[in-house]
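Engineer: Protein sequences appear in the order of chains Z and V.
Note that my numbering gives residue 201 to position 201 of the first sequence, counting from 1, and the numbers run on in steps of one.
Note that my numbering gives residue 47 to position 47 of the second sequence, counting from 1, and the numbers run on in steps of one.
Derived by calculation from the structure, the hints in this document are not laboratory data.
Positions of the beta carbon are idealized from the N, C-alpha and C atoms, including for glycine.
Hints may contain errors.
In silico contact screen, one side only, chain V against chain Z (beta carbon under 10 Å); selected entries [unchecked claim]: (1) Gly56; (2) Ile58; (3) Gln75; (4) Glu88; (5) Gly99; (6) Arg145; (7) Thr150; (8) Met193.
Within a straight-line C-alpha distance of at most 30 Å, the following computed BS3-like cross-link-like pairs (lysine-lysine) qualify [stated by the list, open to error]: (9) Lys13/Z - Lys180/V; (10) Lys13/Z - Lys131/V; (11) Lys210/V - Lys13/Z; (12) Lys74/V - Lys10/V; (13) Lys118/V - Lys13/Z; (14) Lys187/Z - Lys46/Z; (15) Lys74/V - Lys221/V; (16) Lys176/V - Lys118/V; (17) Lys221/V - Lys13/Z; (18) Lys74/V - Lys180/V; (19) Lys138/V - Lys13/Z; (20) Lys131/V - Lys118/V; (21) Lys152/V - Lys138/V; (22) Lys210/V - Lys221/V; (23) Lys210/V - Lys118/V.
Each chain, written out:
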Amino acid sequence: MNAIYILWLRELKRYSRSRAMVIASLGQPLLYLLVLGFGLGPVFQKAGQGSYLQFVAPGVVGMSVLFSSVFSGIGLLWDRQFGFLKETLVAPVPRVVVMIGKTLGGATVATIQGLLVLAICLIAGFRPVNWATLPLALVFMILTAIVFAGLGMAIGSMLQDMQGFQLIMNFLVMPIFFLSGALFPLKDLPSVLSFITRLDPLSYGIDGLRSVLIGTSQFEPLLSIAVLCGAAVLFVAFGGYSFSRIQL
Amino acid sequence: MIKVENLVKKFGDLTAVDDISFDVDAGEIFACLGPNGAGKTTTIKMLTTLLRPTSGTISINGLDPATQSNEVRKQFGIVFQDPSLDQELTAEENMDLHGVLYHVPRKIRHERTEMLLKLFELWERRKSYVKEFSGGMKRRLEIARGFLHTPKILFLDEPTLGLDPQSRNQLWTHVKNLNKSEGVTVFLTTHYMDEAERVADRLAIVDHGKIVAQGTPQELKDQTSTDSLEGAFLALTGSTIRDEKADSAAGIRQMAKMWRK
Ligand SMILES: Nc1ncnc2c1ncn2[C@@H]1O[C@H](COP(=O)(O)OP(=O)(O)O)[C@@H](O)[C@H]1O
Ligand SMILES: [Mg+2]
Numbered sequence: 001m002n003a004i005y006i007l008w009l010r011e012l013k014r015y016s017r018s019r020a021m022v023i024a025s026l027g028q029p030l031l032y033l034l035v036l037g038f039g040l041g042p043v044f045q046k047a048g049q050g051s052y053l054q055f056v057a058p059g060v061v062g063m064s065v066l067f068s069s070v071f072s073g074i075g076l077l078w079d080r081q082f083g084f085l086k087e088t089l090v091a092p093v094p095r096v097v098v099m100i101g102k103t104l105g106g107a108t109v110a111t112i113q114g115l116l117v118l119a120i121c122l123i124a125g126f127r128p129v130n131w132a133t134l135p136l137a138l139v140f141m142i143l144t145a146i147v148f149a150g151l152g153m154a155i156g157s158m159l160q161d162m163q164g165f166q167l168i169m170n171f172l173v174m175p176i177f178f179l180s181g182a183l184f185p186l187k188d189l190p191s192v193l194s195f196i197t198r199l200d201p202l203s204y205g206i207d208g209l210r211s212v213l214i215g216t217s218q219f220e221p222l223l224s225i226a227v228l229c230g231a232a233v234l235f236v237a238f239g240g241y242s243f244s245r246i247q248l
Numbered sequence: 001m002i003k004v005e006n007l008v009k010k011f012g013d014l015t016a017v018d019d020i021s022f023d024v025d026a027g028e029i030f031a032c033l034g035p036n037g038a039g040k041t042t043t044i045k046m047l048t049t050l051l052r053p054t055s056g057t058i059s060i061n062g063l064d065p066a067t068q069s070n071e072v073r074k075q076f077g078i079v080f081q082d083p084s085l086d087q088e089l090t091a092e093e094n095m096d097l098h099g100v101l102y103h104v105p106r107k108i109r110h111e112r113t114e115m116l117l118k119l120f121e122l123w124e125r126r127k128s129y130v131k132e133f134s135g136g137m138k139r140r141l142e143i144a145r146g147f148l149h150t151p152k153i154l155f156l157d158e159p160t161l162g163l164d165p166q167s168r169n170q171l172w173t174h175v176k177n178l179n180k181s182e183g184v185t186v187f188l189t190t191h192y193m194d195e196a197e198r199v200a201d202r203l204a205i206v207d208h209g210k211i212v213a214q215g216t217p218q219e220l221k222d223q224t225s226t227d228s229l230e231g232a233f234l235a236l237t238g239s240t241i242r243d244e245k246a247d248s249a250a251g252i253r254q255m256a257k258m259w260r261k
């Protein structure tokens with residue numbers, strides 16, 4: 001238990017000490033929010049879909065949670081490089097416990113990033129339909145963060161170098177983002193695309209955020225929660241398995 | 001305490017550890033000597049659950065690192081040859097994290113941290129980030145951290161590499177004390193013959209992944225009819241100069257591998 005806490009705390013300390021990184025990581029969501037939000041706004045409006053800024057804000061929040069949590073797992077590559085990974089791998093603590101501490105740390109950091117982006121959205125003019133359900137957004141952020149921190153740990157455990165990192169970015173993380181409906185409504189999609197978006201756990205995270213933030217959703221919010229919980233269990237278990245098999 | 005039989009580790013077609021066998025008794029200080037690239041670190045990695053052997057058996061206090069890794073990890077402490085500190089944390093935080101991972105109760109953790117950081121002259125800098133430390137300070141911190149808890153077996157992989165003579169002395173005094181008062185079994189590797197001779201009860205000389213000789217320092221000298229361990233070492237491994245920079249070259253190789261596109 002203490003081991004989980006101290007490893008969780010380590011992730012938070014590292015996060016809070018890298019202000020420049022925090023600011024840099026807010027740049028991308030800001031770009032999506034402002035450029036897409038205002039750039040696609042008129043088209044979206046003409047298509048009778050309402051305000052695109054309102055629509056895309058939850059997607060941008062979900063995106064930052066996705067990237068932040070996957071990157072926390074990929075941080076293992078740095079731990080490996082700087083040697084600290086060895087210290088945790090020989091500790092008299094089951095590796096799964098080490099992995100859970102790091103995953104929860106990464107998920108917490110990702111949730112904080114999500115909240116920061118949500119605050120930016122509010123400043124940019126985003127208005128939730130119902131302030132009372134705002135705390136529920138946190139539930140979706142946390143679940144999404146755990147799902148992808150678990151996936152990140154699995155990836156980080158298997159990656160040996162930066163080359164692999166590029167592959168993962170282009171063929172896993174970006175597709176997860178683009179196929180999640182972060183940027184477009186999931187309604188009335190071609191059936192193949194519709195099928196694929198349903199396999200993407202992020203779809204449920206972002207759809208859940210939309211249901212509590214702007215009051216529209218494609219899936220039942222409870223279904224989204226159930227899918228996210230299932231995916232969390234699956235990915236954390238997969239991450240724990242990969243982590244416990246690391247050799248140096 | 002440590003029992004190794006016919007241990008082999010291959011990396012592709014390179015045989016880093018080639019069919020070695022040895023025993024280390026409880027309470028013994030055992031040194032492993034060998035030129036760069038001899039396979040010492042690879043052997044320690046297999047003993048400490050970081051690497052799975054290609055073949056052969058290992059028993060650590062009766063446990064198998066491959067199948068009972070959690071139990072094995074409770075038996076030992078280790079000072080690695082390569083850096084293993086968190087650079088983004090302070091010296092004190094690194095100590096504390098280690099203490100928590102190794103279940104050292106809070107009070108003892110704080111007392112021992114203070115004692116060890118003072119011993120290795122890092123106490124004044126305990127609130128500094130490790131990334132601001134010099135190479136020697138980092139090395140001292142690694143060693144202080146290794147002594148924070150008292151394991152049954154202590155692995156020291158070239159612990160004195162990059163240490164000044166004072167710290168080197170502190171280190172060996174401390175190791176000797178731990179060995180005497182707590183009966184800690186010590187498995188160490190080093191480049192320095194004088195150190196091996198000073199602390200080790202028994203030693204093994206390895207070269208190209210094989211053990212070329214083992215015994216007490218006196219036995220090795222007798223065996224090679226030399227009057228110093230240095231002489232015995234050279235007689236056994238030959239005097240051809242090995243790639244002195246093998247380890248840093250390995251580091252660069254890894255770096256290159258990491259960034260290659
Ligand atoms: N992960 C690895 N992959 C490939 N070769 C390795 C790896 N680790 C070590 N080696 C090689 O195994 C040999 C033994 O290395 P090592 O055990 O580090 O030697 P020592 O610690 O005695 O200097 C060296 O030739 C080294 O290059
Ligand atoms: Mg070595």
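Engineer: What are the numbers of the hints that this structure violates, sorted from low to high?
Structural biologist: Failing hints, ascending: 1, 2, 7, 8, 9, 11, 15, 17 and 23.
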